[in-house]
Amino acid sequence: EAGVAQSPRYKIIEKRQSVAFWCNPISGHATLYWYQQILGQGPKLLIQFQNNGVVDDSQLPKDRFSAERLKGVDSTLKIQPAKLEDSAVYLCASSLKSGSGQFFGPGTRLTVL
Amino acid sequence: GNSVTQMEGPVTLSEEAFLTINCTYTATGYPSLFWYVQYPGEGLQLLLKATKADDKGSNKGFEATYRKETTSFHLEKGSVQVSDSAVYFCALSGGDYKLSFGAGTTVTVRA
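As given, the protein sequences belong to chains A and B, one line each in that order. Everything in the first sequence is counted per this note's numbering, starting at 1 for the first residue and increasing by one. Everything in the second sequence is counted per this note's numbering, starting at 1001 for the first residue and increasing by one.
Certain hints may be false.
In silico DSSO-like cross-links for lysine-lysine, where the CA-CA straight-line distance does not exceed 27 Å [stated by the list, open to error]: (1) K11(A) with K71(A); (2) K97(A) with K1056(B); (3) K44(A) with K1068(B); (4) K1098(B) with K44(A); (5) K78(A) with K1098(B); (6) K1098(B) with K97(A); (7) K44(A) with K1052(B); (8) K97(A) with K1052(B); (9) K62(A) with K97(A); (10) K97(A) with K44(A); (11) K1098(B) with K71(A); (12) K44(A) with K1049(B); (13) K44(A) with K78(A); (14) K44(A) with K62(A); (15) K83(A) with K15(A); (16) K1068(B) with K1056(B); (17) K15(A) with K78(A); (18) K44(A) with K83(A); (19) K78(A) with K11(A); (20) K1068(B) with K1098(B); (21) K1068(B) with K1049(B); (22) K44(A) with K15(A); (23) K1098(B) with K62(A); (24) K1049(B) with K97(A); (25) K11(A) with K83(A).
Here are some chain A residues the structure puts well away from chain B; computed CB gaps all over 12 Å [to be verified]: (26) I12; (27) I13; (28) R16; (29) S18; (30) N51; (31) K62; (32) F65; (33) E68; (34) G72; (35) P81; (36) T111.
Keep in mind the hints are simulated off the structure, nothing from the lab. All values derive from a computational prediction rather than experimental measurement. By construction, the Cβ of each residue, glycine as well, lies at the ideal position given by its N, Cα and C atoms.
Chain A with its partners taken away, still in its complex shape (with noise of 0.2 Å):
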């Protein structure tokens, strides 16, 4: 079974730039989640989608983070524009539905200068 996909593995722009990150989920996995995970912290869950609609965004700063699941299938996560403590591991995960086990992708290791 393939596992989560993300795209690129890793990033480097310079600040007030803008970024995308693309995610595929498990095959068949209703449940879609973003986290953040900068240096020397645990993950932080920006935002989760079920199939194509969101369930929670309340952490996701919103005024320069945007993520999108149009058919409820892979996702994108936009920054624009980008500021130095973005700084981080975007990590992807996929769960059968909410509440049941997360599988987590590679992440995309973001570096903002």
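Following the hints, position chain B against chain A.
Structure of chain B alone, referenced to chain A:
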């Protein structure tokens, strides 16, 4: 709100040594508790879990027991190997099914 506090690292051990990583939690109700592991260059993987008090989760020689009276879920392994070198995260999930993670503990095992 829910929160997890785990032992700060880094932890450096010799092969075959005993490993314990402390984890305590604060939560309302009866959360499920997890240990995740992140090997170098890889994503988070679920190592073990426990869903109710006194449950013991185990996998790959690691064990953790859900202790409600002490609000703890300490991770232990009797004899570590070099391949156990990784970052270990304690996490909990409450009634809303959201995962709350600790800060992670980096473990390095020397041959």
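Right, here's what the structure says about each hint:
no., hint, result
1, K11(A) with K71(A), "holds (26 Å)"
2, K97(A) with K1056(B), "holds (24 Å)"
3, K44(A) with K1068(B), "holds (24 Å)"
4, K1098(B) with K44(A), "holds (10 Å)"
5, K78(A) with K1098(B), "holds (22 Å)"
6, K1098(B) with K97(A), "holds (12 Å)"
7, K44(A) with K1052(B), "holds (24 Å)"
8, K97(A) with K1052(B), "holds (20 Å)"
9, K62(A) with K97(A), "holds (25 Å)"
10, K97(A) with K44(A), "holds (19 Å)"
11, K1098(B) with K71(A), "holds (23 Å)"
12, K44(A) with K1049(B), "holds (19 Å)"
13, K44(A) with K78(A), "holds (16 Å)"
14, K44(A) with K62(A), "holds (15 Å)"
15, K83(A) with K15(A), "holds (5 Å)"
16, K1068(B) with K1056(B), "holds (12 Å)"
17, K15(A) with K78(A), "holds (14 Å)"
18, K44(A) with K83(A), "holds (18 Å)"
19, K78(A) with K11(A), "holds (13 Å)"
20, K1068(B) with K1098(B), "holds (19 Å)"
21, K1068(B) with K1049(B), "holds (14 Å)"
22, K44(A) with K15(A), "holds (22 Å)"
23, K1098(B) with K62(A), "holds (20 Å)"
24, K1049(B) with K97(A), "holds (18 Å)"
25, K11(A) with K83(A), "holds (14 Å)"
26, I12, "holds (18 Å)"
27, I13, "holds (22 Å)"
28, R16, "holds (29 Å)"
29, S18, "holds (25 Å)"
30, N51, "holds (16 Å)"
31, K62, "holds (18 Å)"
32, F65, "holds (18 Å)"
33, E68, "holds (21 Å)"
34, G72, "holds (19 Å)"
35, P81, "holds (27 Å)"
36, T111, "holds (16 Å)"
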